[in-house]
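Construct the entire structure; sequences and hints are all you get.
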Amino acid sequence: MDYFLELFLGGLTRGSIYALIALGYTMVYGIIELINFAHGEIYMIGAFTALIVISVLTMMGMNTIAILVIAGFIAVIYSCAYGYTVEKIAYKPLRRAPRLSALISAIGMSLFLQNYVLLAQTSDFLPFPNLIPDFTFMEPYAHIISSAEVVILITTTIVMILLTVLIKFTKMGKAMRATSQDKDMARLVGIDVDRVISVTFVLGSATAAIGGVLIASHVGMINFYIGFIAGIKAFVAAVLGGIGSIPGAVLGSFVLGWTESFATGYVSSDYEDVFAFVFLVLILIFRPAGILGRTEKHTV
Amino acid sequence: MLKVKDIHTFYGNIEALKGVSLDISEGEIITLIGANGAGKSTTLMSICGITPPRMGEITFMDQPITNMKPDKIVSLGICQVPEGRRIFPYLSVTENLDMGAFLRKDMNHIKTDMEYVFDLFPILEQRRHQPGGTLSGGEQQMLAISRALMARPRLLLLDEPSLGLAPLIVRQIFEIVKKINTENDTTIFLVEQNANLALQVAHRGYVMENGQIVITDAADRLLSNEDIRKAYLGM
Numbered sequence: 000m001d002y003f004l005e006l007f008l009g010g011l012t013r014g015s016i017y018a019l020i021a022l023g024y025t026m027v028y029g030i031i032e033l034i035n036f037a038h039g040e041i042y043m044i045g046a047f048t049a050l051i052v053i054s055v056l057t058m059m060g061m062n063t064i065a066i067l068v069i070a071g072f073i074a075v076i077y078s079c080a081y082g083y084t085v086e087k088i089a090y091k092p093l094r095r096a097p098r099l100s101a102l103i104s105a106i107g108m109s110l111f112l113q114n115y116v117l118l119a120q121t122s123d124f125l126p127f128p129n130l131i132p133d134f135t136f137m138e139p140y141a142h143i144i145s146s147a148e149v150v151i152l153i154t155t156t157i158v159m160i161l162l163t164v165l166i167k168f169t170k171m172g173k174a175m176r177a178t179s180q181d182k183d184m185a186r187l188v189g190i191d192v193d194r195v196i197s198v199t200f201v202l203g204s205a206t207a208a209i210g211g212v213l214i215a216s217h218v219g220m221i222n223f224y225i226g227f228i229a230g231i232k233a234f235v236a237a238v239l240g241g242i243g244s245i246p247g248a249v250l251g252s253f254v255l256g257w258t259e260s261f262a263t264g265y266v267s268s269d270y271e272d273v274f275a276f277v278f279l280v281l282i283l284i285f286r287p288a289g290i291l292g293r294t295e296k297h298t299v
Numbered sequence: 000m001l002k003v004k005d006i007h008t009f010y011g012n013i014e015a016l017k018g019v020s021l022d023i024s025e026g027e028i029i030t031l032i033g034a035n036g037a038g039k040s041t042t043l044m045s046i047c048g049i050t051p052p053r054m055g056e057i058t059f060m061d062q063p064i065t066n067m068k069p070d071k072i073v074s075l076g077i078c079q080v081p082e083g084r085r086i087f088p089y090l091s092v093t094e095n096l097d098m099g100a101f102l103r104k105d106m107n108h109i110k111t112d113m114e115y116v117f118d119l120f121p122i123l124e125q126r127r128h129q130p131g132g133t134l135s136g137g138e139q140q141m142l143a144i145s146r147a148l149m150a151r152p153r154l155l156l157l158d159e160p161s162l163g164l165a166p167l168i169v170r171q172i173f174e175i176v177k178k179i180n181t182e183n184d185t186t187i188f189l190v191e192q193n194a195n196l197a198l199q200v201a202h203r204g205y206v207m208e209n210g211q212i213v214i215t216d217a218a219d220r221l222l223s224n225e226d227i228r229k230a231y232l233g234m
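Sequence lines, in order, name chains A and B.
Just so you know, numbering that gives the first Met the number 0 puts 57 at position 58 of the first sequence, and the rest follows in order with no gaps.
Just so you know, numbering that gives the first Met the number 0 puts 8 at position 9 of the second sequence, and the rest follows in order with no gaps.
The set of hints was computed from the structure by calculation and includes no laboratory data.
Since the model is a prediction, treat every value here as computed from it, not as a measurement.
Honestly, I wouldn't trust all of these hints.
To be verified - With beta-carbon atoms standing in for the labels, derived distance ranges: (1) Glu114(B) <-> Leu281(A): 48 to 58 Å; (2) Glu208(B) <-> Arg94(A): 12 to 22 Å; (3) Glu124(B) <-> Ala119(A): 51 to 61 Å; (4) Ile228(A) <-> Lys68(B): 37 to 47 Å; (5) Lys178(B) <-> Val280(A): 29 to 39 Å; (6) Arg95(A) <-> Gln211(B): 53 to 63 Å; (7) Glu124(B) <-> Thr63(A): 51 to 61 Å.
Backbone N, C-alpha and C fix where the C-beta goes; we use that ideal spot for every residue, glycine too.
Rendered as structure tokens:
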């Protein structure tokens with residue numbers, strides 16, 4: 000039973016990280032129907048920014064929790080700036096072009112950012128310090144769930160609650176939903192659609208950066224390629240849950256996290272991806288729009 | 000108030016508007032009638048900046064708005080109720096109304112305005128928490144007009160408000176349109192295929208054919224014009 004619980008919680012942690020990234024995919028898709036392939040790179044840049052900040056602050060001899068918080072904060076700001084700029088450079092000029100052009104531009108941006116970090120940093124894996132201490136009160140449960148996992152789960156929960164409140168109740172959140180449902184009508188009521196799109200990219204980048212810092216600290220190493228792998232997984236999670244739907248992205252991420260966790264625990268870690276993708280195919284056969292996806296078109 | 004001077008609007012290479020000129024004065028109800036595909040909706044979308052004209056000039060209260068962004072045009076007081084109503088289907092009735100007031104900052108007046116539109120259309124108050132997409136066609140049209148009113152427009156553009164609605168509801172909506180015009184001093188530009196009805200409420204009318212204005216006259220004179228009666232009123 001303990002083993003099952005361990006796998007369950009491991010899957011939940013994994014899923015919550017996927018969710019932080021998948022939110023960006025799904026929000027951007029909801030607004031401009033574009034798969035932002037450069038999104039995984041934003042997450043990777045978040046992790047790298049945090050690593051640089053951590054190295055500097057550690058030399059200054061700061062306390063680890065403070066370092067983690069400051070590094071996370073700066074990573075979020077950096078990633079948001081990248082997300083904002085990527086949209087302005089690679090997608091905005093193509094807003095009226097055929098959708099395929101924007102998609103190719105997204106792939107190009109992804110490759111560019113990977114290679115830019117490869118050149119600026121290194122192709123090797125860099126060690127990322129584990130900054131989350133082992134809490135003493137967690138000791139009796141340490142065989143089921145680690146302190147780091149608890150921190151990840153709590154952070155993710157807070158981020159998701161904040162995001163839900165923002166989208167459900169604030170003016171900007173309502174404008175985002177209105178824009179995703181009918182862009183021209185949103186313009187006709189006076190919403191600056193370009194601004195809404197920018198805000199969407201910034202929000203998605205912020206959650207991705209938080210995910211990047213958490214997972215890097217949990218796994219313990221990063222390189223320029225982590226964004227691609229995590230990006231694909233999170234993309235799968237978003238499609239699984241129904242791309243465009245925010246609760247769908249979160250649910251899809253948990254489903255994917257559990258599938259991988261149980262496949263690794265009960266079968267073999269070699270088959271983790273196989274199970275994940277078999278599950279994706281099965282769900283898409285029976286529910287082509289994803290678990291919570293809407294089958295009909297948004298606009299009239 | 001609104002002056003449209005010789006505008007040409009294109010969809011790709013297709014010229015949808017071939018030199019349209021209009022002149023609307025404050026407090027009027029003006030109607031634009033014409034067959035399907037004549038360019039009536041395009042005219043409205045050009046005024047609102049959704050499909051800006053390639054040539055020509057549009058001014059509102061002596062201010063050029065030809066290439067202004069749509070949200071800036073709305074902030075000047077031009078609001079459109081587009082064809083097909085275009086309610087945000089997954090936003091509730093109140094959220095749809097909130098979106099109508101998107102550019103306004105005066106929170107307490109927004110509240111009284113919401114009560115005002117609920118007064119005009121009591122059915123909307125009963126449905127306030129329902130998603131817009133679940134309303135009937137008539138209710139959606141009421142919501143679309145209410146959403147536009149929430150912006151306190153000086154000029155209200157209505158595109159085919161009678162489309163697909165039962166005659167009784169159409170009557171009711173046209174009554175309200177007249178009421179909005181007289182009570183709030185809102186200028187109204189009404190695009191309609193139902194020319195008979197439109198000419199009855201309007202002061203003046205424009206007739207459009209193939210992207211051009213062919214006739215303009217006082218509404219009652221258009222109603223009695225032989226050619227118009229044959230072509231648009233089916234008499």
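A quick look at each hint next to the structure:
1. At roughly 52 Å, the beta carbons of Glu114(B) and Leu281(A) sit within the given window of 48 to 58 Å.
2. The hinted window of 12 to 22 Å between Glu208(B) and Arg94(A) is violated, with their beta carbons roughly 33 Å apart.
3. About 59 Å separates the C-beta atoms of Glu124(B) and Ala119(A), a value consistent with the hinted range of 51 to 61 Å.
4. The given range of 37 to 47 Å is respected by Ile228(A) and Lys68(B), whose C-beta atoms sit roughly 40 Å from each other.
5. For the pair Lys178(B) and Val280(A), the beta carbons lie near 58 Å from each other, so the given range of 29 to 39 Å is not met.
6. Restraint check, Arg95(A) to Gln211(B): a C-beta distance of roughly 27 Å breaks the suggested window 53 to 63 Å.
7. Distance hint for Glu124(B) and Thr63(A): a CB-CB separation of about 56 Å, consistent with the stated range 51 to 61 Å.
Comparing the model with each earlier hint shows violations of hints 2, 5, 6; every other hint is respected.
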